Amino acid sequence: MKLTVNGKVTETEAPALGEFLAEQHVKSPDQVSIELNGRILRREEYGGITLSEGDQIEFFYFMGGGRGTH
Amino acid sequence: MELTDLQIERYSRHIILEQVGLAGQERLLAARVLIVGAGGLGSPAALYLAAAGVGTIGIVDADTVDITNLQRQIAHRTADLGREKVLSAAEKMVAINPDITVNTHRLFLQADNITEVIADYDFIIDGTDNFAAKFLINDACHFSRKPYVHAGILRFEGQMLTVLPGETACLRCVFGGPPPPGAVPSCSQAGVLGVLAGVLGALQATEAVKHALRQGELLTNALLKYNALDLSFRRVPLRRNPHCPLCGDAPTIGELHDEALPLCDLKETRP
Chain A
1 MKLTVNGKVT ETEAPALGEF LAEQHVKSPD QVSIELNGRI LRREEYGGIT LSEGDQIEFF
61 YFMGGGRGTH
Chain B
1001 MELTDLQIER YSRHIILEQV GLAGQERLLA ARVLIVGAGG LGSPAALYLA AAGVGTIGIV
1061 DADTVDITNL QRQIAHRTAD LGREKVLSAA EKMVAINPDI TVNTHRLFLQ ADNITEVIAD
1121 YDFIIDGTDN FAAKFLINDA CHFSRKPYVH AGILRFEGQM LTVLPGETAC LRCVFGGPPP
1181 PGAVPSCSQA GVLGVLAGVL GALQATEAVK HALRQGELLT NALLKYNALD LSFRRVPLRR
1241 NPHCPLCGDA PTIGELHDEA LPLCDLKETR P
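Residue numbers (my numbering), protein chains in the order written: chain A, 1 to 70; chain B, 1001 to 1271.
In short, the hints are calculated from the structure, not lab data.
Since the structure is predicted, the reported quantities are computational estimates derived from the model, not experimental observations.
Certain hints may be false.
Under 8 Å between C-beta atoms, here's a sample of chain A residues computed to sit facing chain B [as the list claims (entries may be wrong)]:
1) Ser28
2) Glu58
3) Gly64
The beta carbon of each residue, even a glycine, is placed where N, CA and C say it ideally should be.
Make the full structure from the sequences, and use the hints.
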């Protein structure tokens, strides 16, 4: 099935979001916020989401800044 | 406010722009912008806003200049090592443009002081380097109804979001709250391309200038994703999240609080 992920068409066999995250090497759901078809998902929802052809998925990653080593 | 002949010359490339003109330049000179963090993002923002003639610029930072900063924090020079960042940055800003007033705030923003600091400003730039500060700024701007622009950078990527509190999606609409300790590396662990901070910091300054000029469209209800390796900019539409703990339908955050610093950062600050 084809999904649009971060603006790029992506082919996947993953039937559900959990498997898809593993396929995308997202190790922990805590690392990312996910927008599915324009709606930000709650993290507790990730396990229960089934994917459908044409779904639009956007990953938002936490980005801080250049905190130094001092 | 009447511009002097010298000011008309200094700002001539602005004034000639139809969307700026004399009136716009006067708005910039009357504008009050707070930059939180005199680091990678804050440096270019501070220098450009000073050059643009933003009349009052506040700059907040408790740190001193460290040699690892100089790869990207362009307000500071090698000779500034060990100096207070706010003083080092203020000196460069006033050297570019003696028209402006720079207020230095040498402190860490916390729940008990942020409201007072941001009260004097019309627009806030988040140039901080840690999640606790980023969410604190988001929350304080919400409660004080101050427009602000978030940015974050890591490795070769950056992101940005402008928030008009109570009207447009906020940082918590997207992320809820800070990541748990250790879930996300910091730049000192993962690295960051120096010039990336320049790109994002200059974009944040652009938002502050547009806000002062009341021109164009701010980056609201959209998160900008920038990837330096692909040279791609994507503006991802967002909407306010009804489950947002701060500005959603049933908010759970009713007052300011300090988020714990992630463990990886605590480790870094140990001698």
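Going down the list of hints, with the structure as the test:
1. Interface hint status for Ser28/A: upheld, as the beta-carbon distance to the closest one in chain B is roughly 6 Å, under 8 Å.
2. Proximity of Glu58/A to chain B holds as hinted, the smallest CB-CB distance being about 5 Å (cut-off 8 Å).
3. Annotation: interface hint on Gly64/A holds; nearest CB of chain B at approximately 5 Å, less than 8 Å.
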